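This is what each chain is made of:
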Amino acid sequence: MIWLGIDTSNAPLSVAIVKDGQVLIEIVQNLKLTHSVSCMPTIEEALKKANLKPADIDGIAVSEGPGSYTGLRIGVTIAKTLAWTLKKPLVGVSSLKSLASNAIYSGTICAMFDARRGNVYAAAFQGDELTPVIPEQHVSLQELLEKLETFNEPIMFVGIDAQKFEEEIRAKLGDKAKFSPASLNLPRASKLIELAEKEPLPALDTIHHFVPKYHRISEAEANWIKEQKKGQ
Amino acid sequence: MENLILAIETSCDETAASVIKNGTEILSNVVASQIESQKRFGGVVPEIASRHHVEQITIVIEEALEKANIEPSDLNAVAVTEGPGLVGALLVGINAAKAFAFSHGLPIIGVHHIAGHIYASSLVEPMQFPLLALVVSGGHTELVYMKEHGSFEVIGETRDDAAGEAYDKVARVLNMPYPGGPHIDRLAHEAEKGVEFPRAWLEENSYDFSFSGLKSAVINYKHNMEQRGEEIVPEEVAKGFQDSVVEVLTTKTVKAAKELNVKQVIVAGGVSANRGLRESLSEALAKEGIPFVAPPLHLCTDNAAMIGACAAYMYEAGVRGDLSMNGLPGKELKSWARS
Chain H
1 MIWLGIDTSN APLSVAIVKD GQVLIEIVQN LKLTHSVSCM PTIEEALKKA
51 NLKPADIDGI AVSEGPGSYT GLRIGVTIAK TLAWTLKKPL VGVSSLKSLA
101 SNAIYSGTIC AMFDARRGNV YAAAFQGDEL TPVIPEQHVS LQELLEKLET
151 FNEPIMFVGI DAQKFEEEIR AKLGDKAKFS PASLNLPRAS KLIELAEKEP
201 LPALDTIHHF VPKYHRISEA EANWIKEQKK GQ
Chain Z
233 MENLILAIET SCDETAASVI KNGTEILSNV VASQIESQKR FGGVVPEIAS
283 RHHVEQITIV IEEALEKANI EPSDLNAVAV TEGPGLVGAL LVGINAAKAF
333 AFSHGLPIIG VHHIAGHIYA SSLVEPMQFP LLALVVSGGH TELVYMKEHG
383 SFEVIGETRD DAAGEAYDKV ARVLNMPYPG GPHIDRLAHE AEKGVEFPRA
433 WLEENSYDFS FSGLKSAVIN YKHNMEQRGE EIVPEEVAKG FQDSVVEVLT
483 TKTVKAAKEL NVKQVIVAGG VSANRGLRES LSEALAKEGI PFVAPPLHLC
533 TDNAAMIGAC AAYMYEAGVR GDLSMNGLPG KELKSWARS
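Sequence order for the protein chains is H and Z.
Following our numbering, the numbering of the first sequence begins with 1 at its first residue and continues without gaps.
Following our numbering, the numbering of the second sequence begins with 233 at its first residue and continues without gaps.
Simulated from the structure, these hints should not be mistaken for laboratory data.
Every value quoted in this text rests on a predicted model; they were computed, and no experiment measured them.
Ideal Cβ placement from N, Cα and C applies to all residues, glycine included.
Hints may be right or wrong, so weigh each one.
To be verified - With the Cβ distance kept under 10 Å, some of the chain H side facing chain Z (calculated, not the full set):
#: 1; residue: T34
#: 2; residue: M40
#: 3; residue: P41
#: 4; residue: L52
#: 5; residue: K53
#: 6; residue: G75
#: 7; residue: W84
#: 8; residue: H209
#: 9; residue: V211
#: 10; residue: E219
This is chain H alone, in the form it adopts within the complex:
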């Protein structure tokens, strides 16, 4: 089985092709380039180097979120269009779980993405199966750290945004906070495929309805709902 993996959920970009459990090619970049400009050319390059045609792809794994709204939409739009028109199954994988699976650690792993204004998208996982112990959520960094404090054990932080918040994290958790090395801090599409392979393949008729998991409604909608409640 030949898998194409695509992750544009946040600033980094990753594309990989895995054939029967072997990574044929993986491209990971953290160049802050626009995903709309680089994603399709990167997919083209990966397939070309692997000497494959689009029709050779048997399944597509895409990072479904959370992350940057625009980034998610670019990856998901490309993935669902490819899957629909090539008639191949599409599997969505959590961007946080994929990132957490980078960490080589047996205890609690926390993956996070900056969601601006002091907030993060974050989750914490434990064990080989990456069982969530803090479910994926949009939360203030401080609230997240308070939850992690109650764990009373070291926490492995992974991701470039965790690195960015190292000072705040250490201020709260002190020596209990551990940080993954830079080489493990970027999302990898081969990891996405690894996780996708554990899932049953969804039916083709689910592709049309595949959308990113934003984990937040838009501001306009939140305000509208507030107005409706006031009116009641």
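Fit chain Z to the given chain H structure using the hints.
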């Protein structure tokens, strides 16, 4: 010209796809509108628009191909609106177009949204050059001169609000729901006489437009009436406003058409669905003996058929994009080079 093009348009709040044969024949024209959802907010919220596009995009493309009874291998190219528009919305159409084109080894063509609106007329009757196009929509008010296919010269444009924007704002003042244009048009037709509002002619030789002063005049009129404890008559306000917009648009269009000696005048864009504007242009141009084309309403609002019509000519001229295509929210209307 012989070609078959799949076109995609997601620049604002309509998710649209179409299959166009030889630049003139519509094999399918599918539009999924978000108006019901966007109504809640009294206008288009970009983030909501982008989310709806992702929900609809493959469904709409599939329907366009099925209705046209076309297989991807029958196509010559995939066309998509590259800009201008809402960047997040554009990106959904562009990336779907790229992924589809790549899957089937097809070339991709990035189309200017306004060029698309103008080419909607070629789905009705052949363009006669040189021509003048009046493009009026929620985001644009422009007079475009074309001496041949692919040649665009903007000779006048709005300096502030687009005509459609002014319609929406005035509709809000009159407590009409979004989108306001059709409501104002309807109200205006119900009034005997309109309130007298100013016309913005600008400098004598300018083909530019300005509608923000008119909008303020409507708001001031309402305030003054309220302060005097008098009720406004919405029909008369609508008529007064519409008369001002239509007179300025018509006068400048006719003046430019005569001065440039054009063989055809085209009206395009969402506001060209406005009955008052159509009647006025049609009458004034008939008086001057200048042929006038107003595409049917469903080709005036945003749609992908117009993008496909424009792309057919671009395809023939050898214009091609590539997989690094990006959304260009402020894309300029430039002539395309023949290769």
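*Numbers of unmet hints, in rising order*: Hint 4 alone not satisfied by this model.
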